[in-house]
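Assemble the complex: chain A is given as a structure, and chain B must be docked to it using the hints.
Listed below are the residues making up each chain.
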Amino acid sequence: MSTIYRMLMALMVAALMVACATTFDDEDVTDEPRPIDEDVTRVDVIGDDPAFDALPMDDEFRRELTSEERDFLAERIVYFAFDSSTISSEDEAVVRAHARYLSYHPNSRVVLEGHTDERGSREYNIGLGERRAQSVRRMLLAQGVSSGQIETVSFGEEQPADMRSNEEAWRLNRRVEFVYGE
Amino acid sequence: MKRFLAVPLLLLALIAPVQGSDVLRIEITEGVVGAAPIAVVPFAWEGRGQAPEAVAGIIEANLARSGRFSPLDGRQFPQQPSSPNDVNFRRWREAGVDHVLVGRYGPASGGGYEVRFHLLDVLRESQIAAYRIPAPEAGLRRAAHRVSDIVYEAILDEPGAFDTRIAYILAAQDDGRPEYRLMIADSDGYNARPILVSRQPLMSPAWSPDGRRLAYVSFEGRRSQVMVQDLGSGERERVSSRRGINGAPAWSPDGRRLALALSEGGNVDIYVMDMDSRDLRRITRDSAINTEPSWSPDGRQLAFTSDRGGPPQIYTYDFEKNEIRRLTFEGRYNARPRFSPDGETLAVVHGRDGRFTIAAVDLRGGGVRILSGGPLDESPDFSPNGAMIIHASRRGDRGELATVSVDGQVRQRLSMAEGQVREPAWSPLRSR
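Heads up: the protein sequence lines correspond to chains A and B, in order.
When we follow the working numbering, the leftmost residue of the first sequence carries the number 257, and every step to the right adds one.
When we follow the working numbering, the leftmost residue of the second sequence carries the number 533, and every step to the right adds one.
Bound conformation, chain A alone (with noise of 0.2 Å):
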């Protein structure tokens, strides 16, 4: 058999075994959570946001943290505008949360993924990610971040966040993500 060949049959297994530990999960859930008034249309929960609570953190700096800063912490995307490196000064705010949640846990690593729309050529396309991670990087710098804590990569128009292809799509594919981990 081909390395190929069981590449592939890996990936099916692995597939496999991906699908059967979502079932189990899914048959923990027993019900919905759902509004019981049909005149509540959204239930909002409060402190439980799961992008914010995934981020290990030191107390003193949780117990200092503006709800503000929480809000911008919970926040892992900037956007710019078409063929554009510049962060908005709405950005701004969202990115220096995160320069403080950096310099405040030296131990923590973040990957910056550098996204485009997919209008224009592919690898032209990478190089504007990058250069897009690469201007989130410098803001985190200038605020004291470590560079060794920082990595960026870039994916170009390769992964969209919105498949369609349209005005609104472009928007919102055109984007840094924050990647805490490892």
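Where hints are given, some of them may not hold.
What the hints assert, rightly or not - Just so you have them, the derived chain A footprint on chain B, three or more residues with Cβ under 8 Å: (1) 613-620; (2) 751-764; (3) 925-933.
If you're looking for bench data, these hints aren't it; they were derived computationally from the structure.
Cβ coordinates follow ideal geometry from the N, Cα and C atoms, glycine included.
Structure of chain B alone, referenced to chain A:
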């Protein structure tokens, strides 16, 4: 002839089974004026039972797809000859064709098949070409492509490119998760099969000049790296996995160097890697994006995309003079150049007023000629005989492949049952 037998057999042994949905379907979207009228008479099957492939049908579809021939509708055939002696030239003249192709095929004594054919000139009442072509068990389609190439060249006096392959990326969903496949298909879209499947993006396939290896970009491990995969053995080698971008591989015409886009210094620049020593030579050095290199056929120049002057435009680098020159000035966006086989033209992505089309750029004057319809076309590549350009095209939310003749007259769409098809790369002509 040795490779003709060995390569497809090896490939068949090494790859996963083909799925029906991976077959490209070709639709001709625009017609042609001045195409050569020809009749491709169904070849007589000399074996038992049903013929495994309708060989003449494959040939007829090839010739029609090239835009250079207009095959006569079978219902208008005055007779169904399969040997040259049975051809009544006067009746074919009355049917309005200049050439008739007749043939027979059947099992060969040593296994596999044999295809015999005669190409006849109806006006001169003479034979132009006649060949016997052996084919292995699974090689009848390929034999039909070789017949197509012989007919194309005999009548037009330039080489055909039917017996070639296309590599491309197929982005599909597998159980809701993205899956990327590096695919190889025959030039007519048949025999599509994956040679690599990954959960992370695959990009920028590039054929080695001998057609035996593909360089491409893989994001496995969520990092970019340039890989080279041997098609015969399936072996993969990581040739570049530096910090940042590892992208846009392009083989030099002699196959000994690989141009790359790397971003070690923060922004992306063009480098040339010696494939023996793996030494890197840096070609561009500035704060702009420099990427998408393409070698001139004589190996003396690189064309590439750079935004050093504002929006992206095409530049050329001359190895001898060590000099960079801007080539395009027309239009706001010109990117992803590919040299034509004769070295006189570049195919590029041309953006103007928010529409992205495929355009031909004259290397001497820099003039831009729009070839495709847009509005989101990308990744052009020449057929190895220089007659066609294949490119990616967006239709609604789907990614498809399309071809256009170099004069912009004949456009065709190659659609697929599922998934996003992108980044086609046309193989070199196969050496015989």
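Hint check:
Requiring three or more residues with a Cβ within less than 8 Å of a Cβ of chain A, the coverage given for the region 613-620 of chain B is violated, as only 0 such residues are present. Coverage of the region 751-764 of chain B by chain A holds. Counting CB-CB distances below 8 Å, 4 residues qualify, and the rule asks for three or more. Given as covered by chain A, the region 925-933 of chain B passes the check, having 3 residues with a CB less than 8 Å from a CB of that chain where 3 are the minimum.
The structure is inconsistent with hint 1 alone, although it conforms to all the rest.
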